Amino acid sequence: MSQLALVIDLNVCVGCHACVTSCKEWNTSGWAGPMPDQRPYGEDPTGTFFNRVQTYEIGTFPNTETLHFPKSCLHCEEPPCVPVCPTGASYKREDNGVVLVDYDKCIGCKYCSWACPYGVREFDDKNRVMKKCTLCIDRITDLSLPESERKPACVLACPASARLFGDVHDPGSEVSIAIREQGGYQLQPEWGTQPSNHYLPRRKTRMHIHEDELVRADNPLREELELPFDQGETLDDVAW
Amino acid sequence: MHPAFSVIFLTTLIGVGQGLFLALYTGQVYSLANLLPVQDSTSFYGIGSALALLFLVLGLFASFFHLGHPERAWRAATRWRSSWLSREVIVLPVFMGLVFLYGVIHYLGWTAPLFVVQQTLPVDATLIVGFLASVAAFALFLCTAMIYASLKFLQQWHSPLTVLNYMLLGTASGFMLAAAFSAYTGVDLLAFFGTWAVIFTLAGFLTRGASLLRNRGLRPKITLRSAIGVRHQHLGQKAQGFMGGSFNTREFFHGKGPGLVRGMQYAFLLLAFPLPVALIWAGHLANSPELALVAFAVQYLGLVAERWHFFAEARHPQNLYYQSMA
Chain A
1 MSQLALVIDL
11 NVCVGCHACV
21 TSCKEWNTSG
31 WAGPMPDQRP
41 YGEDPTGTFF
51 NRVQTYEIGT
61 FPNTETLHFP
71 KSCLHCEEPP
81 CVPVCPTGAS
91 YKREDNGVVL
101 VDYDKCIGCK
111 YCSWACPYGV
121 REFDDKNRVM
131 KKCTLCIDRI
141 TDLSLPESER
151 KPACVLACPA
161 SARLFGDVHD
171 PGSEVSIAIR
181 EQGGYQLQPE
191 WGTQPSNHYL
201 PRRKTRMHIH
211 EDELVRADNP
221 LREELELPFD
231 QGETLDDVAW
Chain B
1 MHPAFSVIFL
11 TTLIGVGQGL
21 FLALYTGQVY
31 SLANLLPVQD
41 STSFYGIGSA
51 LALLFLVLGL
61 FASFFHLGHP
71 ERAWRAATRW
81 RSSWLSREVI
91 VLPVFMGLVF
101 LYGVIHYLGW
111 TAPLFVVQQT
121 LPVDATLIVG
131 FLASVAAFAL
141 FLCTAMIYAS
151 LKFLQQWHSP
161 LTVLNYMLLG
171 TASGFMLAAA
181 FSAYTGVDLL
191 AFFGTWAVIF
201 TLAGFLTRGA
211 SLLRNRGLRP
221 KITLRSAIGV
231 RHQHLGQKAQ
241 GFMGGSFNTR
251 EFFHGKGPGL
261 VRGMQYAFLL
271 LAFPLPVALI
281 WAGHLANSPE
291 LALVAFAVQY
301 LGLVAERWHF
311 FAEARHPQNL
321 YYQSMA
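Top to bottom, those sequences are chains A and B. Just so you know, the numbering used here puts 151 at position 151 of the first sequence, and the rest follows in order with no gaps. Just so you know, the numbering used here puts 83 at position 83 of the second sequence, and the rest follows in order with no gaps.
Hints in this document: simulated from the structure, not taken from any laboratory. In this text the structure is predicted, and so the values were computed from the model without any measurement. Treat the hints with care, since some could be wrong.
Said to hold, decoys possible - Ranges between beta-carbon positions, derived for each pair: (1) A/Glu190 to B/Gln323: 48 to 58 Å; (2) B/Ile199 to A/Pro45: 36 to 46 Å; (3) B/Gln233 to A/Glu190: 48 to 58 Å; (4) B/Lys256 to A/Ser161: 54 to 64 Å; (5) B/Tyr107 to A/Pro45: 52 to 62 Å; (6) A/Gln38 to B/Phe65: 45 to 55 Å; (7) B/Val57 to A/Ser161: 32 to 42 Å; (8) B/Arg219 to A/Asn63: 24 to 34 Å; (9) B/Arg219 to A/Trp31: 51 to 61 Å.
Glycine included, each C-beta is placed from N, C-alpha and C at the ideal position.
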């Protein structure tokens with residue numbers, strides 16, 4: 001059984017919010033939509049989003065780093081939001097492991113959002129049902145699209161290619177290799193929810209240059225000087 | 001968590017209904033054992049059951065305001081294998097039906113013994129239906145409380161004390177109402193129901209106090225470090241992805257200052273426990289139905305405050321991602 005998921009490289013993400021806007025653009029008019037806003041130009045705007053990019057500061061001034069942190073449904077392998085749903089509206093797809101909400105069955109009790117420790121489900125105040133990231137299920141399963149476009153809108157939109165998409169159960173997939181080789185980790189692993197989405201940590205690229213890497217001892221163009229000391233007789237002076 | 005008044009009224013009102021029914025049935029069992037005088041079926045048990053049913057219906061009515069699509073509420077009975085909420089949705093109408101049946105059998109006076117156990121215990125239809133309803137009442141307490149206690153992410157709720165509190169506080173308020181009801185209907189059982197109400201209230205004080213103490217010493221299992229996966233002692237949120245509000249900033253925060261939460265705690269510790277005990281005691285001494293009713297009303301008000309505090313006190317781990325709002 002496959003488990004589709006995102007791998008987000010925090011070392012690459014620049015926090016441009018292109019994934020947020022492309023997600024909203026694709027999904028509000030697609031299968032998972034609409035994603036209504038309330039008072040979008042008013043004093044206290046609010047609305048439904050499947051994806052948010054947050055910004056954190058690591059350390060204290062002046063030794064600080066900025067971390068841009070995209071956050072959407074992690075499509076857990078043990079999703080705590082699914083068994084609590086009283087109607088079965090929240091479900092995990094058997095074939096590809098995507099966690100979805102059936103809007104026609106959802107009674108809007110919000111219990112699933114209480115049961116999610118990541119806060120990635122957002123209630124749609126207009127249609128009175130729970131909404132969440134679908135991994136663009138209508139795109140990734142659409143066989144009429146060319147295979148290169150069968151990816152979530154956020155992945156296609158990311159200008160820095162910080163988002164990878166694939167099957168984390170296939171050990172040879174791009175995402176599995178990235179998780180394995182670049183230290184991919186899960187959020188809040190303490191709960192045992194087994195999130196499928198992984199994050200790649202920020203990695204510092206440091207150059208370690210030793211002095212003799214800058215000055216070659218055997219540089220043929222080096223100016224020849226008298227040695228600063230008397231070497232005495234060496235093996236080179238012996239005539240064989 | 002954001003305390004929703006629909007859920008506060010649902011849990012407190014059905015608690016009163018369950019407690020009142022349990023009080024009526026306790027009275028019947030006591031009179032069967034000749035520990036209490038036998039009561040008139042029609043006026044005491046019939047009207048008492050109707051009163052219990054009224055509270056259950058009011059609670060059910062309040063619950064619909066919590067739903068985005070109340071017209072689909074019937075669907076909530078389908079996932080009883082995994083969801084405590086679904087189990088509550090099944091047990092509540094079953095309990096209401098049994099209370100209705102219990103009241104109707106008493107009202108129509110079908111209380112002739114069906115059979116006699118060992119020549120001493122005459123068993124009539126009300127005794128059997130009442131027993132089933134009592135089982136349903138306890139099952140309902142369990143389901144309601146487990147909706148909250150089963151969420152391991154909410155450490156303040158994830159404790160057996162939550163189940164005990166729902167049972168004891170609901171039962172206490174029901175027995176308090178039974179004391180007032182019996183005094184009003186001229187059945188002199190104020191002392192009997194009042195004594196049990198005081199016992200349940202004091203037991204509830206112990207378990208609720210224990211849960212308050214437990215929650216005070218609770219350390220969050222998750223910090224921002226594991227929430228975003230960065231190993232550093234100093235992490236701070238600079239932006240939460242939007243400048244207005246969102247569902248996440250409304251549903252999981254009570255939005256009130258710590259002063260109000262603390263005030264609410266003192267209010268319910270006073271209103272739900274010592275004050276009604278004193279009032280029912282005074283009502284017993286003065287033989288006053290009014291004082292017993294005031295005792296119930298004061299305790300109910302206290303339990304509304306108690307439930308508000310129960311929700312406000314719970315800290316959801318998702319709040320780690322919305323610290324700018326907290």
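Cross-check of the supplied hints:
1. A/Glu190 to B/Gln323: 48 to 58 Å: violated (19 Å)
2. B/Ile199 to A/Pro45: 36 to 46 Å: Given a distance of about 53 Å, which is not inside 36 to 46 Å, the answer is violated.
3. B/Gln233 to A/Glu190: 48 to 58 Å: Violated, since B/Gln233 and A/Glu190 (Cβ atoms, about 18 Å apart) do not stay within the stated range.
4. B/Lys256 to A/Ser161: 54 to 64 Å: violated (44 Å)
5. B/Tyr107 to A/Pro45: 52 to 62 Å: holds (57 Å)
6. A/Gln38 to B/Phe65: 45 to 55 Å: With Cβ atoms ~20 Å apart, the hint is violated.
7. B/Val57 to A/Ser161: 32 to 42 Å: violated (58 Å)
8. B/Arg219 to A/Asn63: 24 to 34 Å: holds (28 Å)
9. B/Arg219 to A/Trp31: 51 to 61 Å: Cβ of B/Arg219 to Cβ of A/Trp31: about 43 Å, so the range 51 to 61 Å is violated.
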